[in-house]
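Residues per chain, in single letters:
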Amino acid sequence: MGALGQSVRRVEDHALITGRGLYTDDLVRPGVLHAVVVRSPFAHATIASIDLDAARDVPGVVAIYTADDLCDADKGVPTAWLLPELKTPAHPLLARDRVRYVGDGVAVVVATDRYIARDAAEQVFVDYEPLDAVVDPKGATAEGAPQVHDDAPGNLAFDWQLGDEDKVRSAFASATHRAEITLRNNRLIPHAIEPRAALAEFDPSTEELTIWMTTQNPHVHRLLMTLASIGLPEHKVRIVAPEVGGGFGSKIHHYPDEAIAAWCSMKLGKPVKWVATRSETNQTDAHGRDHVSHAEIALDADGKIVGLRCTTWAGMGSYLSTFAPAVPTYLYGTLLSGQYDIPAIHVRTYGTFTHTTPVDAYRGAGRPEATFVVERLLDLAGKVTGLGPVEVRRRNFVPPDAFPYATQVALEYDSGNYEGALQKALEIAGHDELRAEQARRRENGEGKLLGIGFSCFIEACGLAPSQVAGALGAQAGLWESAKVRVHPSGTVTVFSGSSGHGQGHKTTFAQVVADRLGIDVGQVDVIQGDTEKVPFGMGTYGSRSAAVGGSALATAVDKVIAKGRRIAAHMLEANEDDIVFEDGSFHVEGVPAKSKAWGDVVLAAYLAHDLPDAVEPGLEETAFYDPANFTYPFGTHIAVVEIDRDTGEVEVARYISVDDVGNVINPMIVEGQVHGGIAQGIGQALWEQAVYDDQGQLLTSTMLDYALPRAHRLPSFETDRTVTPCPHNPLGVKGVGEAGTIASPAAVTNAVLDALEPFGIDHLDMPLTPEKVWRAMNR
Amino acid sequence: MYPAPFDYYRADSIDHALELLGAHDDAKVLAGGHSLLPMMKLRLAQPETLIDIGRIDALRGVRFEGDTVTVGALTTHHELASSDVLRGKSPLLAAAAAQIADPAVRNFGTLGGNIAHADPASDLPAVLVALDARISIRGTSSERTVDAGDFFVGLLETAVEEGELLLSVELPTTGTGVAYAKSEQQASGYAVCGAAAVLDGERTNLAFNGVAATPVDARDAAKVFADGGDEAAVNAAIRAALDGHDLLDDLFASGDFRGHLATVYGRRALAAARAAG
Amino acid sequence: MGHRIRVEVNGAMHDDEVEPRTLLVHYLRETLGLTGTNVGCETSLCGSCTVLMDGRAVRACTQLAVQADGCSVTTIEGMADGAALHPLQEAFREHHGLQCGYCTPGMIMAAAGLLADDPDPDEVKIRSALKGNICRCTGYHNIVKAVQAAADAS
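Protein chains in written order, with numbering that gives the first Met the number 0: chain R, 0 to 778; chain G, 0 to 276; chain E, 0 to 153.
It should be emphasised that the hints constitute simulated quantities derived from the structure, not laboratory data.
Possibly wrong hints are sitting among the right ones.
Claimed, not checked - Within a straight-line C-alpha distance of at most 30 Å, the following computed BS3-like cross-link-like pairs (lysine-lysine) qualify:
id : chain 1 : residue 1 : chain 2 : residue 2
1  : R       : Lys382    : R       : Lys303
2  : R       : Lys447    : E       : Lys130
3  : E       : Lys124    : G       : Lys88
4  : E       : Lys144    : R       : Lys423
5  : E       : Lys124    : R       : Lys447
6  : R       : Lys447    : G       : Lys222
7  : R       : Lys447    : R       : Lys505
8  : R       : Lys447    : E       : Lys144
9  : E       : Lys124    : E       : Lys144
10 : R       : Lys137    : R       : Lys382
11 : R       : Lys771    : E       : Lys130
12 : R       : Lys86     : R       : Lys74
13 : R       : Lys74     : R       : Lys532
14 : E       : Lys144    : R       : Lys505
15 : R       : Lys532    : R       : Lys269
16 : R       : Lys74     : R       : Lys235
What the hints assert, rightly or not - On the chain G side, residues computed to face chain E include the following (Cβ under 7 Å):
id : residue
17 : Pro4
18 : Tyr7
19 : Leu36
20 : Lys40
21 : Gly53
22 : Ala94
23 : Asp101
24 : Pro102
25 : Ala103
26 : Tyr189
Stated by the list, open to error - Selected chain R positions facing chain G (Cβ under 8 Å, derived; list incomplete):
id : residue
27 : Thr646
28 : Trp686
29 : Met702
Beta carbons: idealized from backbone N, C-alpha and C, even for Gly.
Hey, can you work out the whole structure from these sequences and the hints?
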C-alpha cells in the first residue's frame, strides 16, 4: 500500500514533545542584544517631543532610536495587494509626528538584557497631544469622524463592487420571499500561542543579514523587507523560520518590528533579538474580521433563491496591512454564492480606516465572514419560506452534475457534492431525534434550551492561479516551488517553498514523495522555511500548502521519474516510451522481469559512466507549480447547543462535521486541522472579541479579558468526510487548514438562534455571551 | 512580562517578616505571588521591596483545635481543596478552593495571598463571609482578629494595615450543608458572580463575590430560603442585600446582569447546600 | 543585588546567582538553557510555562527564581528516560496531540500533574485539569485522547 491516505505519525513530533524544538526566542547568538519597542498608549495623538535622556542613563542601554534615526532606511511597511483606486497611506516603521493606534511604535530601546530594555522603555518620555479617535468601521465614514490619514478622505481606503446590481434589483422586485439581516462580524485577535519574535544578525564583513523569525512565508518577508523596509539587496538577506508556534495568518504579514530589529542589528553590527509580550501581540498582530454588513436574500414561491446582495464596511485598522485589501473583497465577495445556485448577486465593500490595530488575513480570511452572511441568510430564508433550514438549503444547492459551476461572483467551482455531505451530517447527528428532543423540551419547558444549527460552507483554497491573482491586484504570483534532491543512495531530500508551522508538512510531504517513488517515508526528508536553502516560495496560508505546495512537489517528483525512465531505458536497452515506473522500480511495459530497481537507476545517474546522450549526471529536479484554479473544499457542519434558561450560558453539547477536502494525504492530520479550526470558530461564536472603547483603547489586550477557547468549555468533536477529488491538481487534494474556522461560527450562531426561536429572535451578533443571550430571552 | 527591579528579603519567621516590613517603605509581602507577580509583570505594581514569607512554616497548614479550624495564610488552594480536616470539619472553603482558576494556580497560590489582594472577583471572600470566618493579623506590637465581614474594606483593599502581616483564618466547624456556585468569567476564570451558602442548622448564610467591590452579605436571603420562601421571595431578599452596593460593570457582565446572576447563583448555592446537608 | 539559589532541575543540582526579579521561567530558559519551557502570555493564563515543582504542576512565569530555591523542578527536558519517552510524550505523538508544539511542553507537564493526582481521570476531569493551558491548534480533542491513552498505558 502506498503512503498516501495513511495516518503516518508525525516526524516533527519527537523534537516538540521533548523540548528540543527551537523557536525563535530559544535561539542564542553570542553577544545578543535585546530590543523593546516603545509603543503609543494613545489611539490618536500628535507627538510633540520625545525625551530619551533618562532612558539613555539606564545602565545596560546600548542605543535608543526614533523615527529620526531610522529615516535613512525607512521606506516603511508596504501593502502587497492593491485594488483599483486604493488609498495606501504611508506606514513608517516608527511613527514620526502622529500615532494612529494603541501600540504604534515610537522608539526602540536596545539593551544588554530584556529586563533592562523594558526598564529603559519606561523611561522614554513622549509628549503626546491626544486627538479624538474613531474605532467603528461604519462610523469611520460618518460626516465629521476623526480622520486617520490626511490622504484618505472620509477614512475610505477603497470602495469595491462585484456582481450585477441591476439584475439583483429586478430579482428582488419579482421575488415572493425576502429576508434581510444587519450583522457585525466580531473583530478577533489571532493568538498564535508563540508571540511574534525576530533575531537579526548582521555581519558587517560580508554585509549579510540573517533573520530568524516567526514567519509563515520567509521569502515573501524577505522580499518586502528588502524592497521596502531596510535597504539591503535581497541576496544579502537570509530569513529562517525556525519552529514557529502557530500563525493563523498573523505571521504572514510584514510588520514594523522585525524590520526594526534587523535595522538595529545593521546599525550596531551585533545580533539583536525582539520578542513581543502577549499584550504587545494583542496590540500589534494584525486582527481579523471586523465587518459591519447589511445583507438581503430573495426567493421565489418554490423557495429557490433568486438574488442576494450585501453591503459591508470592513475595518482595515490604522494602516493597510500586507494583504488586507484582498480579504474583504476577493476572499469575501467572491464567496457569497456559498454552496448555492444563485442567479444574481451583488456585493459592495467599503474598506475603512480606524484608529485601531491593522486588520488582515486571519484563519479563513474573508471566507468565514462570507459563510456567516450566506448561512445566516439561508436560515432566515428557511423561516420566511417555511421550508426550514435543511430543505431550503437542499433546494438551492449547486447539484453534483453542474460542475464546473460558474458563480455570479467570478469563481468557477471545481467539483462538489453538497447534498452528500449534508445527508451524511444529518445521519451522524441523528437529526430527527434531536428535533424530537427539542420539541419535547419546548413543550414541557424543562431542561436547557436545545438548538441545532447548520453551516453548509464553501471555501476557495490553494490561493492561485498567478495570472488571476495578478489581475486582482496581488503584487506577487501565487504559485509554489519544490526541489527534489535524490541522493546517490536513493534517499531523498525535498525543499519546499511552503513553510509549515504546525501543519505537519515534513510528514505529509514525505508521504507524497514516498508514495510517488515507491520508497519508505523514512527515506524522505523535507526542508522548508529557509531562504538560503529552498527555492523562492510563497509560504503557507490560505489552506494552500497541500494543494499548491504538494502539487509542486508531485510535479518535481514526476520530473525525477521522467529522467529516471530515460536512464532506465538506456540501461535496459529499451525504448523510453516503453518504460513503466511502478512500486519503486523501472520495467519494460509487459515485461516485468526486465527491470531496474530505483536504487540502481539513481546510482547510475550519479556514476554517470554510461548515461544516454544529452542526459546530465545527477538526479535533482525543481518545479514551480502554478495551479489552474482555486480548489473548493466544502462540507456541512452541525452544532448542537444547550442554553441555560436562567443565565444565558451557551454550551456546545455536540459538534458534527462532514468535510470534503478532496483526496486526503494523512487522515490523522486532516482531522487535527478540522478540530483546531472548529475550536477557533466556536471561539468566535461564543467568546472571542477585540473590544475598543470610544477613544481607541484596546480593552482586551491580555488573556484576562480576551476569552479563548479552553478545554473545559469544548466537547470532543464528531468528524467525518466525503471525498470529491479536486480535478485540476495532480494529487486531487483541496486543502483543510481553514475549513473548521470558516464553518463553525455560522453553525454555532444558527444553533443558538434555533434554540431561541420561541422567543422570536431573528439575529444576535457574535460573541453570544451569557448576558446577550439572557437579554434576548428576557426582552 | 519583566518586573521592575526590587530589593528582595526572605523572612525566616513571623517576627523577622514584621521586622523587615517595619524597616522598608513601599514593601510588599510575597506569598505564592499569584496575585502580585502578574501585576508586577505588567508593571502595574512596582514595589521597591519584596518580603518573601514563603518559607515560614508557622504560616502553613490546616489545624483543628477546640471547635475551630485554623488555616495558615500560606496554605495553598490545592492544600485547602484536599485537606481532610477541612473537608471533614468546614468543607465550604475546600469546595470553593477546588474551583479557583486551574491546578497550577491552585498548587502555588495561597489563601493569604488571595484574600490580602482582595480582588473582588476572587472566589474566597464570599466563602469567608458566609462562614463568619475571623482573620488574624499581626503587627510588630500586637495581634488582632478581624471578622471576615470587616476584612474586605474596598476594591483591592483590606483591614491589613501597613507593617502588618496576615497570619491565618479561623473557621467555625460546619455541617455538610454548604455550597459554592460560580459563573466563570470566560477569559480569566475569575468569578463574575460567586455565591457561597451555608445551611447547616447552626448557620443560615449566603454571600457573594464578583458582583461588587467587596463581598455582599446576603444572609437574610438565606433565612428566607430556609424558611421556605418561594423563588420570588428569595430573589427579593438577594436584591435587598445588593442594594447599597455599586454592582461591578465590565466587558463580561453589566451591573444589571450581575444582579440577576446573583439571584440565580444565590438560589443555586442555597439549593445545593440544602441538598448536601 | 544577586541572590544565590540552589535548585534541582531534572535531577541535576544547580547553584546560581540570580537577580531577585528574574522569573523562574527565564532562569530555566536563559541561565540553564532549558528552552523547552515556553512563554505564551504574561498573565498566568496560557499555561505554556507549566513545570513540575516538587512533583506538582506550577507556572514558571508566575514565580521568581528565588522562590524556587531548595526545590526540585522537572521540565519537559526531564520527562524522557534516556531514549525512552515518557508515556505522555508517546501518547501525544501517537494521538496527534500537538501541532505547532509551542503549548505542548506545558500541556504535557500539566497532564503529568493531573495523572500524579488521579491516575485514571475521565474526559471531564482531563478537560478541567487542562483548563489553564491554551492550545490554539488542536481544539483539545486529540490532547484529551492522548492523556486518556497515557493514563490507560500506565
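- Violations among the numbered hints: 7, 22, 26
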